[in-house]
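Enquirer: All letters in the sequence shown, in the order written, are residues 150 to 282 by my numbering.
Be a bit skeptical, because a hint or two may be false.
Said to hold, decoys possible - Distance ranges between label pairs, derived from CB positions: (1) A232 x P186: 36 to 44 Å; (2) L207 x R230: 31 to 39 Å; (3) L207 x V174: 28 to 36 Å; (4) T243 x L187: 23 to 31 Å; (5) G190 x Y154: 31 to 39 Å; (6) R230 x L250: 14 to 22 Å; (7) Y154 x L280: 16 to 24 Å; (8) S235 x T214: 33 to 41 Å.
In short, the hints are calculated from the structure, not lab data.
Since the structure is predicted, the reported quantities are computational estimates derived from the model, not experimental observations.
Cβ atoms here follow ideal geometry from the backbone N, Cα and C, with glycine treated the same way.
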Amino acid sequence: MNPNYALVAARAGHRCEYCCAPELVFNFQFEVEHIIPLAKGGTNQDDNLALACRSCNLRKGTFTTGIDATTGATVPIFNPRQATWSEHFQISETTGVIVGLTPIGQVTVERLDLNNSLQLTARKVWIQLGLFP
Numbered sequence: 150m151n152p153n154y155a156l157v158a159a160r161a162g163h164r165c166e167y168c169c170a171p172e173l174v175f176n177f178q179f180e181v182e183h184i185i186p187l188a189k190g191g192t193n194q195d196d197n198l199a200l201a202c203r204s205c206n207l208r209k210g211t212f213t214t215g216i217d218a219t220t221g222a223t224v225p226i227f228n229p230r231q232a233t234w235s236e237h238f239q240i241s242e243t244t245g246v247i248v249g250l251t252p253i254g255q256v257t258v259e260r261l262d263l264n265n266s267l268q269l270t271a272r273k274v275w276i277q278l279g280l281f282p
C-alpha cells in the first residue's frame, strides 16, 4: 500500500479525483497517482498526488496535456491540486455523463475517456444507489 494513501484518500473523500467514482463500490483501493509523473519531473510531495480509479490512472498514464479539439492548442489535463472540479466539469445526474465546461475539462474528458460505456453504466447504477454524484 502506498504510504500516502490515507492522506490522499481522505483529502479526496475516497472518490476518484478525475471521474468522481466512489471508492466504496470497488473491491480494491484506488491508486495514489502522480499528477505530474516522476518521469516528467514530478515529486512525491502531497501537492502532486491525487486519488485515481484504475481506469483514470491507466488512461492518464504519463500524459499531462491533451489537444483542444476546437483550437488545436495543447491544454493541460485537470490538476486536482490547482483547480476545483466543478469549475471544469458538470455531471448529468440522470445519465452520468461528464461534460467538460472548459478546454481543460474537455481535454480531460477526452484523454481519460470519462464517458466510455462501462463508466456510464456504472454511474447509472451508482446514481440509483445514491452514491453518485
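Enquirer: Taking the hints in turn, state whether each one holds.
Expert: Taking the hints in turn, this is what the structure says about them:
Checked against the hint of 36 to 44 Å, the pair A232 and P186 fails, with Cβ atoms roughly 18 Å apart. A C-beta distance of roughly 20 Å is found between L207 and R230, which places it outside the suggested range of 31 to 39 Å. Checked against the hint of 28 to 36 Å, the pair L207 and V174 fails, with Cβ atoms roughly 18 Å apart. Look at T243 against L187: about 40 Å separates their beta carbons, and that is not inside 23 to 31 Å.
Separated by about 23 Å at the C-beta atoms, G190 and Y154 break the suggested range of 31 to 39 Å. The hinted range of 14 to 22 Å is satisfied by R230 and L250, whose Cβ atoms lie roughly 19 Å apart. The hint said 16 to 24 Å for the Cβ distance between Y154 and L280, and at roughly 21 Å that hint holds. Taken as a hint, the range 33 to 41 Å is violated for the pair S235 and T214, whose Cβ atoms sit roughly 22 Å apart.
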